[in-house]
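J.: Listed here are the chains, written in short residue letters.
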Amino acid sequence: MAETVLMRNFDRANSHTLAVYRGAGGYAAWDRARTMEPGAITEAVKASNLRGLGGAGFPTGMKWSFIPKSHTGPVYLVVNADEGEPGTFKDRYLLERDPHALIEGMLIAARAIRSALGFVYIRGEYVQPGRRFSAAVKEAYDAGLLGSGFDLVVHRGAGAYICGEETGLLSSLEGKKGWPKIKPPFPAIKGAFGQPTIVNNVETLCCVPPIVERGAAWFAGLGTKTQGGTRMYSVSGRVKRPGVYEAPVSITLRQLIERAGGVSGTGRLKGVVPGGGSAAILRADEIDVAMDVDGLKAAGSMIGSAGVVVMDESVSIPEALLVLARFYAHESCGQCTPCRESTGWIYKMVHRIVDGHGRKDDLDTILDVARRGGGTTICAFYDGAIGPYISYIEKFRDEFEGLCRS
Amino acid sequence: MPKLTIDGKEIEVEAGTNLIEAARRLGIEVPHYCYHPGLSIAGQCRLCMVDIEKTPRPTIACNTQAADGMVVRTDTERVKQTRQSMMEFHLVNHPLDCPVCDQAGECWLQIYYMKHGLYDPRMTDEKVHKPKAVPLGPHVMLDAERCILCSRCVRFCDEITATGELGIFNRGDHSEIGLFPGRDLTNNYSGNVVDICPVGALTDRDFRFQVRVWYLDTARSICTGCARGCNVEVHVNRRRPHHADGRRVARLKPRYNGEVNAWWLCDVGRYHYGFVDAPGRLTTPARRGPNGVAEVGWDEAIAAIAEALQRHAPEQVAVLASPLMANEDLAALRRLLELRGVRQVAFDVPPAAPAEGDDFLLRADRTPNRRGAELLGLGGDAAGILAAAREGRLRCLWVFHHDLLAAGWPASEAAEALARVETVIFTGTGANATSDRAHWVLPAAAWVEREGTFTNFEGRVQRFRTAVEPLGAALPEWDAVGRVLAALGEPATAGRAEHWFRALAAIVPAFAGLTYQSIGDAGQMIAGASSAGAPAPPGRRPQVPA
Numbered sequence: 170m171a172e173t174v175l176m177r178n179f180d181r182a183n184s185h186t187l188a189v190y191r192g193a194g195g196y197a198a199w200d201r202a203r204t205m206e207p208g209a210i211t212e213a214v215k216a217s218n219l220r221g222l223g224g225a226g227f228p229t230g231m232k233w234s235f236i237p238k239s240h241t242g243p244v245y246l247v248v249n250a251d252e253g254e255p256g257t258f259k260d261r262y263l264l265e266r267d268p269h270a271l272i273e274g275m276l277i278a279a280r281a282i283r284s285a286l287g288f289v290y291i292r293g294e295y296v297q298p299g300r301r302f303s304a305a306v307k308e309a310y311d312a313g314l315l316g317s318g319f320d321l322v323v324h325r326g327a328g329a330y331i332c333g334e335e336t337g338l339l340s341s342l343e344g345k346k347g348w349p350k351i352k353p354p355f356p357a358i359k360g361a362f363g364q365p366t367i368v369n370n371v372e373t374l375c376c377v378p379p380i381v382e383r384g385a386a387w388f389a390g391l392g393t394k395t396q397g398g399t400r401m402y403s404v405s406g407r408v409k410r411p412g413v414y415e416a417p418v419s420i421t422l423r424q425l426i427e428r429a430g431g432v433s434g435t436g437r438l439k440g441v442v443p444g445g446g447s448a449a450i451l452r453a454d455e456i457d458v459a460m461d462v463d464g465l466k467a468a469g470s471m472i473g474s475a476g477v478v479v480m481d482e483s484v485s486i487p488e489a490l491l492v493l494a495r496f497y498a499h500e501s502c503g504q505c506t507p508c509r510e511s512t513g514w515i516y517k518m519v520h521r522i523v524d525g526h527g528r529k530d531d532l533d534t535i536l537d538v539a540r541r542g543g544g545t546t547i548c549a550f551y552d553g554a555i556g557p558y559i560s561y562i563e564k565f566r567d568e569f570e571g572l573c574r575s
Numbered sequence: 004m005p006k007l008t009i010d011g012k013e014i015e016v017e018a019g020t021n022l023i024e025a026a027r028r029l030g031i032e033v034p035h036y037c038y039h040p041g042l043s044i045a046g047q048c049r050l051c052m053v054d055i056e057k058t059p060r061p062t063i064a065c066n067t068q069a070a071d072g073m074v075v076r077t078d079t080e081r082v083k084q085t086r087q088s089m090m091e092f093h094l095v096n097h098p099l100d101c102p103v104c105d106q107a108g109e110c111w112l113q114i115y116y117m118k119h120g121l122y123d124p125r126m127t128d129e130k131v132h133k134p135k136a137v138p139l140g141p142h143v144m145l146d147a148e149r150c151i152l153c154s155r156c157v158r159f160c161d162e163i164t165a166t167g168e169l170g171i172f173n174r175g176d177h178s179e180i181g182l183f184p185g186r187d188l189t190n191n192y193s194g195n196v197v198d199i200c201p202v203g204a205l206t207d208r209d210f211r212f213q214v215r216v217w218y219l220d221t222a223r224s225i226c227t228g229c230a231r232g233c234n235v236e237v238h239v240n241r242r243r244p245h246h247a248d249g250r251r252v253a254r255l256k257p258r259y260n261g262e263v264n265a266w267w268l269c270d271v272g273r274y275h276y277g278f279v280d281a282p283g284r285l286t287t288p289a290r291r292g293p294n295g296v297a298e299v300g301w302d303e304a305i306a307a308i309a310e311a312l313q314r315h316a317p318e319q320v321a322v323l324a325s326p327l328m329a330n331e332d333l334a335a336l337r338r339l340l341e342l343r344g345v346r347q348v349a350f351d352v353p354p355a356a357p358a359e360g361d362d363f364l365l366r367a368d369r370t371p372n373r374r375g376a377e378l379l380g381l382g383g384d385a386a387g388i389l390a391a392a393r394e395g396r397l398r399c400l401w402v403f404h405h406d407l408l409a410a411g412w413p414a415s416e417a418a419e420a421l422a423r424v425e426t427v428i429f430t431g432t433g434a435n436a437t438s439d440r441a442h443w444v445l446p447a448a449a450w451v452e453r454e455g456t457f458t459n460f461e462g463r464v465q466r467f468r469t470a471v472e473p474l475g476a477a478l479p480e481w482d483a484v485g486r487v488l489a490a491l492g493e494p495a496t497a498g499r500a501e502h503w504f505r506a507l508a509a510i511v512p513a514f515a516g517l518t519y520q521s522i523g524d525a526g527q528m529i530a531g532a533s534s535a536g537a538p539a540p541p542g543r544r545p546q547v548p549a
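Going line by line, the protein sequences match chains C and U.
Just so you know, we're using the numbering used here here: the first sequence kicks off at 170 and counts up by one.
Just so you know, we're using the numbering used here here: the second sequence kicks off at 4 and counts up by one.
Keep in mind that the hints were calculated from the coordinates and are not lab data.
A few of these clues could be false.
[Claimed, not checked] Pairs of lysine to aspartate or glutamate, DMTMM-like flavour, derived with a Cα cap of 25 Å:
{"#": "1", "chain 1": "C", "residue 1": "Lys529", "chain 2": "U", "residue 2": "Glu129"}
{"#": "2", "chain 1": "U", "residue 1": "Lys57", "chain 2": "U", "residue 2": "Asp10"}
{"#": "3", "chain 1": "C", "residue 1": "Lys409", "chain 2": "C", "residue 2": "Glu382"}
{"#": "4", "chain 1": "U", "residue 1": "Lys130", "chain 2": "C", "residue 2": "Asp524"}
{"#": "5", "chain 1": "C", "residue 1": "Lys345", "chain 2": "U", "residue 2": "Glu179"}
{"#": "6", "chain 1": "C", "residue 1": "Lys529", "chain 2": "C", "residue 2": "Glu570"}
{"#": "7", "chain 1": "C", "residue 1": "Lys409", "chain 2": "C", "residue 2": "Glu570"}
{"#": "8", "chain 1": "C", "residue 1": "Lys346", "chain 2": "U", "residue 2": "Glu162"}
{"#": "9", "chain 1": "C", "residue 1": "Lys345", "chain 2": "U", "residue 2": "Glu162"}
{"#": "10", "chain 1": "C", "residue 1": "Lys352", "chain 2": "U", "residue 2": "Glu17"}
{"#": "11", "chain 1": "U", "residue 1": "Lys83", "chain 2": "C", "residue 2": "Asp530"}
{"#": "12", "chain 1": "C", "residue 1": "Lys352", "chain 2": "U", "residue 2": "Glu32"}
{"#": "13", "chain 1": "U", "residue 1": "Lys256", "chain 2": "U", "residue 2": "Asp187"}
{"#": "14", "chain 1": "C", "residue 1": "Lys346", "chain 2": "U", "residue 2": "Glu148"}
{"#": "15", "chain 1": "U", "residue 1": "Lys57", "chain 2": "C", "residue 2": "Glu427"}
{"#": "16", "chain 1": "U", "residue 1": "Lys118", "chain 2": "C", "residue 2": "Asp537"}
Using the sequences and the hints, build the whole thing.
T.: Put into structure tokens, the structure is as follows:
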């Protein structure tokens with residue numbers, strides 16, 4: 170079995186406490202980083218090939234380097250812990266079982282971007298992760314890790330998926346309706362409260378201490394040419410052992426399903442969502458694909474948040490799409506027109522088809538509406554929604570047509 | 004300054020200009036809903052997509068600043084298809100109730116559907132239902148189903164008035180405009196949200212269901228609600244009088260003038276035109292005698308007034324002019340005073356209760372032409388004139404517009420004064436306690452029934468034009484005064500307001516060189532005056548920490 174980096178402390182008793190974290194070598198990376206020049210930290214992260222693990226897969230070191238050098242006011246570090254992508258539950262484990270890894274990662278990142286204040290935006294439904302993390306923050310303050318050059322504010326979300334979109338999160342953090350912001354300007358130039366801001370995912374920042382401690386080359390070597398390290402895959406659905414699995418990003422989808430005990434239910438695979446609800450579905454014959462950013466892109470899907478949802482042959486694809494279509498209609502923030510109007514419209518059409526009142530031309534209408542709206546919106550929400558709309562219907566059209574009356 | 008190409012035409016624009024404005028200058032319309040030049044960029048409607056060279060997909064023009072060498076196309080197949088898609092999305096949940104919608108005829112959903120939509124509708128499912136006919140405040144009615152959620156009204160209340168009454172509630176296709184709990188849309192600029200609403204979601208409670216907009220005629224005018232002189236359009240219903248019970252002025256709409264009011268108009272000004280078609284309008288010259296009131300012809304009234312002015316010594320004659328009168332009226336009056344040697348004149352009658360201005364456009368001075376009356380030298384001692392009348396030193400008093408019994412002095416003293424004057428002449432648009440005591444009553448045309456100019460508080464001379472015919476036999480004041488002048492032997496006073504403006508420009512140095520042509524639609528400052536421009540809206544001022 171490959172090396173565990175992110176989940177290295179998960180099996181220790183009371184892994185969420187400072188004492189246990191320190192006992193396992195925690196905060197050694199921070200001790201080292203505080204002697205490093207900020208620029209050198211960013212260079213190390215660049216060299217590690219760390220890419221954002223929240224969904225977009227953007228190179229982390231490059232993102233950090235976008236903070237304007239000439240800026241003299243505050244710079245904010247914001248952690249996106251609003252984990253809401255369907256099929257994804259990795260950040261909750263990190264917050265619950267290794268909250269100090271995130272705090273340490275934040276301390277190092279804050280030094281790299283010269284930030285004195287960080288915010289951790291935790292999904293409102295994450296009660297236990299929120300408690301654990303807040304307790305860890307208190308411990309870190311008491312130990313003087315926080316409060317001496319870097320302060321950290323925990324902010325709880327209120328149950329909107331869109332607040333996991335980085336600029337929707339910033340709007341919400343600012344006390345406004347959680348609407349994504351139009352870009353440009355990008356957050357690194359003008360983010361939270363109008364100041365340069367870096368928004369990183371929980372898991373991404375948890376990778377930073379090991380990079381500082383063990384070296385960028387080591388981290389890069391764990392992964393592929395274009396993406397370093399390991400990542401945590403949330404595997405759910407029809408597998409025998411659902412859960413979070415850490416693996417190098419070079420693992421294939423077939424290997425990952427095998428690690429999760431193989432397909433349950435009928436035992437015969439029908440399709441897999443490889444990267445959270447917004448990723449295009451893969452058929453059973455498409456699972457020999459590397460689970461990194463570029464591997465899945467080449468396969469016409471995306472790694473996204475690495476939420477893997479396995480469906481065996483007994484699963485109805487139209488019903489699976491109905492669940493997601495309802496989700497997108499419910500969670501669209503309503504700010505821009507194509508997403509606001511068509512997520513609801515498509516949900517109604519899919520609902521009608523599943524109810525047995527569909528027409529075959531509804532399928533073409535869904536595909537056309539989805540394609541017309543793609544790429545026209547403020548944020549990536551709608552482009553995520555059309556992943557399932559299009560792929561489920563294109564890859565399993567017979568199943569949909571079988572439900573249509575005419 | 005960046006130079007760019009739009010649809011093959013080159014244009015140079017100031018840095019920071021967005022592509023909608025750059026295209027507009029070339030006469031190319033980029034359709035849009037959420038963008039408004041007076042508000043922040045929202046980028047929500049997604050209709051203003053254009054193709055930019057080296058950009059992989061269409062980009063919103065509102066949030067794209069012109070850059071040097073940029074090559075933009077607004078006419079590609081991809082742009083046309085995107086616009087069509089956006090129109091379909093905007094209309095998916097729209098009730099399509101144009102036949103009963105007040106916005107029909109000036110609705111941007113209708114206009115853009117015909118220009119950029121024209122698709123076959125594919126939506127066959129139940130539409131989302133939302134609240135209808137919801138009063139948001141005294142002037143504005145909301146139909147949330149018609150709303151396209153462009154957020155212009157929300158941004159207006161946040162960024163212009165800084166009152167923040169409105170928000171968008173709920174998510175997705177259940178999103179709707181609404182009031183925050185405990186709030187009403189009562190700010191003094193609420194009517195503007197109706198103007199900027201591109202669809203029939205926000206309608207004007209005063210205007211709705213009065214008349215179809217395609218029956219309206221419009222004229223460029225000036226608001227007379229205060230001394231700022233906001234530029235307006237007067238919309239009148241002359242073609243379907245039975246649709247609105249004979250009400251002719253249907254509404255005022257702000258007209259852009261960056262030096263005065265920008266895009267905006269306050270509610271005090273917007274809704275102050277009710278007197279024009281009110282039942283109390285004076286429509287016929289009348290004589291009050293021992294046997295009561297008799298309607299008379301203009302010729303009889305003019306002859307009698309001319310005779311009275313000739314009969315009484317100048318020291319026994321006084322005139323109370325009004326800052327409601329146009330420069331032209333005041334010029335004619337000044338000529339009359341000079342001709343007869345009358346020196347007792349004033350225009351500033353103290354109001355019963357002083358009005359207050361607000362923190363934006365509305366001025367405490369609720370008259371449109373105080374500055375003009377001052378420049379024409381008609382200022383004087385109104386209280387002194389009243390005292391002279393009470394003491395029996397006046398034989399003839401001509402009052403324009405004022406109700407001396409509702410002014411800032413005791414009504415009994417005013418009544419006593421009027422009772423002691425042999426010939427009281429009243430000129431005004433509406434009856435009041437003073438006209439009720441006048442021996443001669445001359446009906447004046449309201450400002451929408453005539454043309455002329457006002458001089459605003461900064462010294463900007465602005466033209467207003469005739470929107471509708473005078474009611475009954477009413478005449479502009481310059482015309483009535485001119486007729487008296489003619490009766491007194493003054494040679495040919497032409498039957499046009501412009502004649503009096505020329506005469507005024509020739510004798511009052513501040514107006515030297517000004518003509519109707521040079522004033523145009525934007526107005527022109529008098530000699531030596533300078534304009535501070537339209538004030539910064541409260542929501543745009545730098546915030547001073549408490």
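J.: Give a verdict on every hint.
T.: Hint-by-hint comparison with the structure:
With a C-alpha separation of about 19 Å, the suggested pairing of lysine 529 of chain C with glutamate 129 of chain U holds against the 25 Å cut-off. Proximity of lysine 57 of chain U to aspartate 10 of chain U is assessed by CA-CA distance (about 15 Å); at most 25 Å being required, the pair is judged to hold. Restraint check for lysine 409 of chain C and glutamate 382 of chain C: not satisfied, since their Cα atoms lie roughly 36 Å apart, outside the 25 Å limit. With a C-alpha separation of about 18 Å, the suggested pair lysine 130 of chain U and aspartate 524 of chain C falls inside the 25 Å cut-off, and the hint holds.
Taking the CA atoms of lysine 345 of chain C and glutamate 179 of chain U, the gap is about 16 Å. The hint holds against a cut of 25 Å. Restraint check for lysine 529 of chain C and glutamate 570 of chain C: satisfied, since their Cα atoms lie roughly 6 Å apart, inside the 25 Å limit. A threshold of 25 Å between alpha carbons decides the hint, and for lysine 409 of chain C with glutamate 570 of chain C the separation of about 31 Å lies outside it, so the pair is violated. Note on lysine 346 of chain C and glutamate 162 of chain U: the hinted pairing holds, with a Cα-Cα distance of about 16 Å set against a maximum of 25 Å.
About 15 Å separates the Cα atoms of lysine 345 of chain C and glutamate 162 of chain U, which keeps this hinted pair within 25 Å; it holds. Of the supplied pair hints, the one linking lysine 352 of chain C and glutamate 17 of chain U holds, its CA atoms being roughly 22 Å apart against a limit of 25 Å. A distance of roughly 24 Å separates the Cα atoms of lysine 83 of chain U and aspartate 530 of chain C; the hinted pair therefore holds under the 25 Å criterion. Among the hinted pairs, lysine 352 of chain C with glutamate 32 of chain U is consistent with the structure: their alpha-carbon atoms are about 23 Å apart, no more than 25 Å.
With a C-alpha separation of about 22 Å, the suggested pairing of lysine 256 of chain U with aspartate 187 of chain U holds against the 25 Å cut-off. Between lysine 346 of chain C and glutamate 148 of chain U, the direct Cα distance comes to roughly 21 Å. Compliance with the 25 Å bound is thereby established for this hinted pair. For the proposed pair lysine 57 of chain U and glutamate 427 of chain C, the alpha carbon gap of about 45 Å is over 25 Å, so the pair is violated. The suggested pairing of lysine 118 of chain U with aspartate 537 of chain C holds, with an alpha-carbon distance near 22 Å, which does not exceed 25 Å.
Checked against the numbered hints above, the structure violates hints 3, 7 and 15; every other hint is satisfied.
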